[in-house]
Amino acid sequence: MSENTLRGRKIILHDMCLRDGMHAKGEQISTEEMARIATALDDAGVPLIQVSHGAGLGGNSLQHGFAPHSNEEYWDAVIPRLKQAKASVLLLPGLGTMKELQSAWDHGVRSVHVATHCTEADTSPQHIAYARKLGMDTTGFLMMAHLNTPTGLAEQGKLMESYGAHSVYITDSAGYLLPEDVKTRVAALRDVLQPETEIGFHGHNNMGMGIANSLAAIAAGATRIDASVGGLGAGAGNTPLEVFVAVCERMGIVTGCDLFKLMDMAEEIIFPLMDHIVRVDRASLTLGFAGVYSTFLLHANRAAARFGIPARDILVELGRKKMIGGQEDMIIDTAMTMAKARGLLKETVAA
Amino acid sequence: MKKVKCALIGSGNIGADLIYKIQRSPFLEPVWMVGIDPASEGLRRAAGIGLKTTAAGVDGLLPHILADNIQIAFDATSAYVHAENSRKLNALGVMMIDLTPAAIGPLCVPPVNLREHADRVEMNVNMISCAGQATIPIVFAVSRVQSVAYGEIIASLASKSVGPGTRANLDEFTYTTSSAIEQVGGARKGKALAIINPAEPPMLMRNTIYCLTDEEPDQKRISESIEEMIGEVRKYVPGYRLVNGPLFDGKKVAVFMEVSGLGDYLPKYAGNLDIMTAAATRTAEMFAEEILTGKIQLQPLKEAA
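Residue numbers (this note's numbering), protein chains in the order written: chain Y, 5 to 355; chain C, 143 to 447.
Hints were generated in silico from the structure; no laboratory data involved. It is possible that part of the hints are untrue.
Facing chain Y, from chain C, some residues (calculated, C-beta under 10 Å) [stated by the list, open to error]:
no. : residue
1   : 296
2   : 304
3   : 311
No residue lacks a Cβ here, since even glycine has one placed at the ideal position from N, Cα and C.
Model the full structure from these sequences, guided by the hints.
Structure, rendered in structure tokens:
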């Protein structure tokens, strides 16, 4: 991919700090921090900012953790302060509902990622149609995209387009894909979707491929890229937005964002906010290597501490059992079953 | 022994599986299957084993109700057509067991509240959802020991076991199940999550139940109550099994369950299908027993003006 082939391409960046980043913060970000981050992103020219619980609409739960505030409180803290950026939200059918989507619209949210596992697009028609009826910028978001073939993803993307999605995403939830895998998947979508349907890529940096994968996606025809300043996101984080903007500037890809403002923001706001350094470490690399949902990281660390099974062993077993996003309950369950097998836990836990 | 004659409405996965469950019942006899697609696999199978079939919907069944003495009908169509089906059949004195998320009648989880519904001779009872049948007994097992502020359930289903109706209407599934966790399970607030997993070979249905109790949980009594309840459910769903827990963490009680099916219509991984059809059959049997002994009599419902 030479500099010349991508020079002049325009892409739309979508920041994930205030949604995927919630996972990295154990869902604990205050409304004040949200407002500060969102205004900095807005000021740096980032056009779309996702704001919600890490699991999106309906995310507040024992399964996914309770944030200190409702999604509505976060939107009210953030959206009135935005000058140019639009706020977006995540909706996983089976967790979030149309009632919550209506509330998001009422509070000023104007874009949505309607997310399904990469083989289950047909669980999204109600929600995509409802988002379109509301007038939202609507994305079909195919998660764990390494678990489907390029042809399979093309079929699923076509379904989402038929329900009304303006754009379809290849979502590398496990940070497993390599650039060639991304290229073939985006190209397969580009072959079948209408020319006006945009293609997006959402990466995780578990194998260190966030930026390379996003470039591969653009080369194959993607025009929307999810990233987060400082990489604040699940697992080893999302594609770091400020680094990606720097690479785009050098390559002549047009993002409309102010690099120096984003660099300052990463250094002064995001890094000091992190509870742990969001990076490729043993556990997050295991996610990418084994193809496990990035959000499982902190849950697996907690289960490891409780039941004495190494987090890596739990993650590899979850990968083997083909657990997908949303099955966080199976992390404790798997750790308990492993602990019994290793003689670390009695059959009955009850007193 | 005399049996109560039944009609099955809807020829999808649930309807097809129900045939097997009802055929084995000492109190029920499947007589009619109703579909809307003459080419459907379910109708073909039903005809193959001697049921009368119609592809003309409920209207195709109505002229035969009295002649064939149909007294109980199972509706496994969709929430959108159930109300109309129920109205037409209730008017002829047929009791409805609703397997859609329509929930126009009272919600039924057999080991929790079936007795009450039978005593009141309800003419329409709703079976909630597969996730509801698999988890609400456990929520109830905790709430009958001490008060539960919040109940949350996560149902993981094998992709191959989830039909097009459920897929296209996941919100109805969420609303109905959440509300039943409160109304039947006894939690003050309920929340239901569903995950569809495409793993091959398909995973068995898994259900996780979380309850937040108001006071510190009485571990011994809650564990005993759950164990007893699992025994009750196993009477009609033998593959209902505790995998891990109860795990106590402050005021949080976590229970990890698995359901394997009998493998009647879909393979054993489709425990979600089984627990729904088995609960519906159990419900029909209780009404049927009492009809047969003359304890209750079904009456035609007058149409509301």
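Review point. So which of those numbered hints doesn't the model satisfy?
Key: none
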